[in-house]
Amino acid sequence: MNDHRFRVGEFYQRDRLVHPPAYTPGYKTSILRSPKNALIAIENSLSEITGPVFDPSELGPLDNDLILNYAKDGLPIGERILVHGYVRDENGRPVPNALVEIWQANAGGRYRHKNDRYIAPLDPNFGGCGRTLTDKDGYYVFRTIKPGPYPWRNHNNEWRPSHIHYSISGYGWAQRLITQMYFEGDPLIPMCPILRTIPDEAQARRLIAVQDRNAFAAFDYRAYRFDIVLRGSRATPFENYVQGEK
Amino acid sequence: MTQRLDYLQETPSQTAGPYVHIGLAPRQAGFDIYERNFDNVLVGPNTKGERIRIEGRVLDGSGTPLRDVLLEIWQANAAGKYNHPADLQDKPIDPHFRGWGRAASDFETGLYWFETIKPGPVIGRHGRVMAPHINFWIVARGINIGLNTRMYFSDEEEANAKDPVLNSIEWEVRRKTLIAQREQRGNQVVYRFDIRFHGDDETVFFEI
Ligand SMILES: [Fe+3]
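First to last, the sequence lines map onto chains A and B. Taken in order, the first sequence gives residues 142 to 387; the numbers are from our numbering. Taken in order, the second sequence gives residues 102 to 309; the numbers are from our numbering.
Chain A with its partners taken away, still in its complex shape:
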């Protein structure tokens, strides 16, 4: 197999200092939803280095266009934007065929979800989700509406900065990742308890997408660039897993 993605050995150990810990009392819900015991480290086996493979035929042609994929009798309201970027692994290599799924509130900060009861109205022409597979260079692109900030229950008078939720499935189970993308210049960013679950501020800033003027389309949309890095793996398959039990 010549494709480097499948000449995979174990994944590099996850750098936990990049991530939020499970228990972050500033984000109150994490208190009862975090394990008390330490995670138990296990060596990667086939169970961790393999993972689901997706086929382009499983997705529809408008799945990555949130401006059109739920439009009923008009276009959604709000700022038209494009969000795009590259999915790479820690080796810097592109991750092709990664499943990237996003979801977000509409321009008024309202989610199309049974459990969202915020007074801002639903937009009849906006669903708020999209999905795509990265191309051979690891590139992905979505067209959407810039989401609005919204209030939530943590402290009183708590507001989320505008954000887009991202879910990424790469070539191995150990790469599975969910994160959120924020927008450069949003004044709610510095006080967001969820962004602040990430202890290292420099790491947290990596989730803020920057405006990408080169990708604007005149008289149509502005653009933001958001690159994603998944865990990388050794290039050498591990020892003798094809030989039966010892």
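Hints in this document: simulated from the structure, not taken from any laboratory. Ideal Cβ placement from N, Cα and C applies to all residues, glycine included. Treat the hints loosely; a few may be bogus.
Label pairs and their in silico Cβ distance ranges [to be verified]:
| hint | chain 1 | residue 1 | chain 2 | residue 2 | range |
| --- | --- | --- | --- | --- | --- |
| 1 | B | D301 | A | R157 | 24 to 32 Å |
| 2 | A | N178 | B | Q282 | 38 to 46 Å |
| 3 | B | F208 | A | P262 | 39 to 47 Å |
| 4 | A | K255 | B | H197 | 28 to 36 Å |
| 5 | B | T210 | A | M332 | 32 to 40 Å |
| 6 | B | R152 | A | D341 | 43 to 51 Å |
| 7 | A | K255 | B | R137 | 19 to 27 Å |
| 8 | A | P162 | B | D191 | 40 to 48 Å |
| 9 | A | N295 | B | R293 | 31 to 39 Å |
| 10 | A | P262 | B | D140 | 50 to 58 Å |
| 11 | A | P197 | B | R152 | 51 to 59 Å |
| 12 | A | G233 | B | Q285 | 37 to 45 Å |
| 13 | A | G233 | B | D133 | 53 to 61 Å |
Please arrange chain B with the ligand on chain A, whose structure you already have, making use of the hints.
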């Protein structure tokens, strides 16, 4: 000056939040948008292997079920082969089985379920056979980084006793938190797998 390593760093994780269903299971959020949806039924009529249902709840530190949790599973086929090119074991791929599924818990009861087949054993590190197991990944509001665990089968006692991952859990009493109990419900085989965040029977979660 020395040379510099040019590895990139993984993107930081963030919680999936309460509205994860919109992105990953939109019909559960309450609307229809995609023609094909990823879901919790992993089997088709031609899939090989013993049909099983897995069900359970994810319980928070107070014992309350999470009603907004989302789980994904990844497993080998009935022959013990993953449907992925990095699995070089000399075993057949089942073209009717990807081995991956996604379930959201019920908004009222907190119950999740999958319909799948029982996987075969897979060769692990150092040539040691791993007992049949299913890999779980759990995300929700309040979970900052997805949690990884494994489900093993109560009727595989002998294989479980030799499993290298179960044996690597220093605390023998905690191993049983990964073993789903088999029960017969009419003509259906059901494995019950509850996941707990606190308490004496807190589930073992792995750093993988
Ligand atoms: Fe959100």
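So, going through the hints one by one against the coordinates:
{"no.": "1", "hint": "B:D301 <-> A:R157: 24 to 32 Å", "result": "26 Å, holds"}
{"no.": "2", "hint": "A:N178 <-> B:Q282: 38 to 46 Å", "result": "22 Å, violated"}
{"no.": "3", "hint": "B:F208 <-> A:P262: 39 to 47 Å", "result": "22 Å, violated"}
{"no.": "4", "hint": "A:K255 <-> B:H197: 28 to 36 Å", "result": "33 Å, holds"}
{"no.": "5", "hint": "B:T210 <-> A:M332: 32 to 40 Å", "result": "36 Å, holds"}
{"no.": "6", "hint": "B:R152 <-> A:D341: 43 to 51 Å", "result": "47 Å, holds"}
{"no.": "7", "hint": "A:K255 <-> B:R137: 19 to 27 Å", "result": "22 Å, holds"}
{"no.": "8", "hint": "A:P162 <-> B:D191: 40 to 48 Å", "result": "42 Å, holds"}
{"no.": "9", "hint": "A:N295 <-> B:R293: 31 to 39 Å", "result": "34 Å, holds"}
{"no.": "10", "hint": "A:P262 <-> B:D140: 50 to 58 Å", "result": "30 Å, violated"}
{"no.": "11", "hint": "A:P197 <-> B:R152: 51 to 59 Å", "result": "29 Å, violated"}
{"no.": "12", "hint": "A:G233 <-> B:Q285: 37 to 45 Å", "result": "52 Å, violated"}
{"no.": "13", "hint": "A:G233 <-> B:D133: 53 to 61 Å", "result": "39 Å, violated"}
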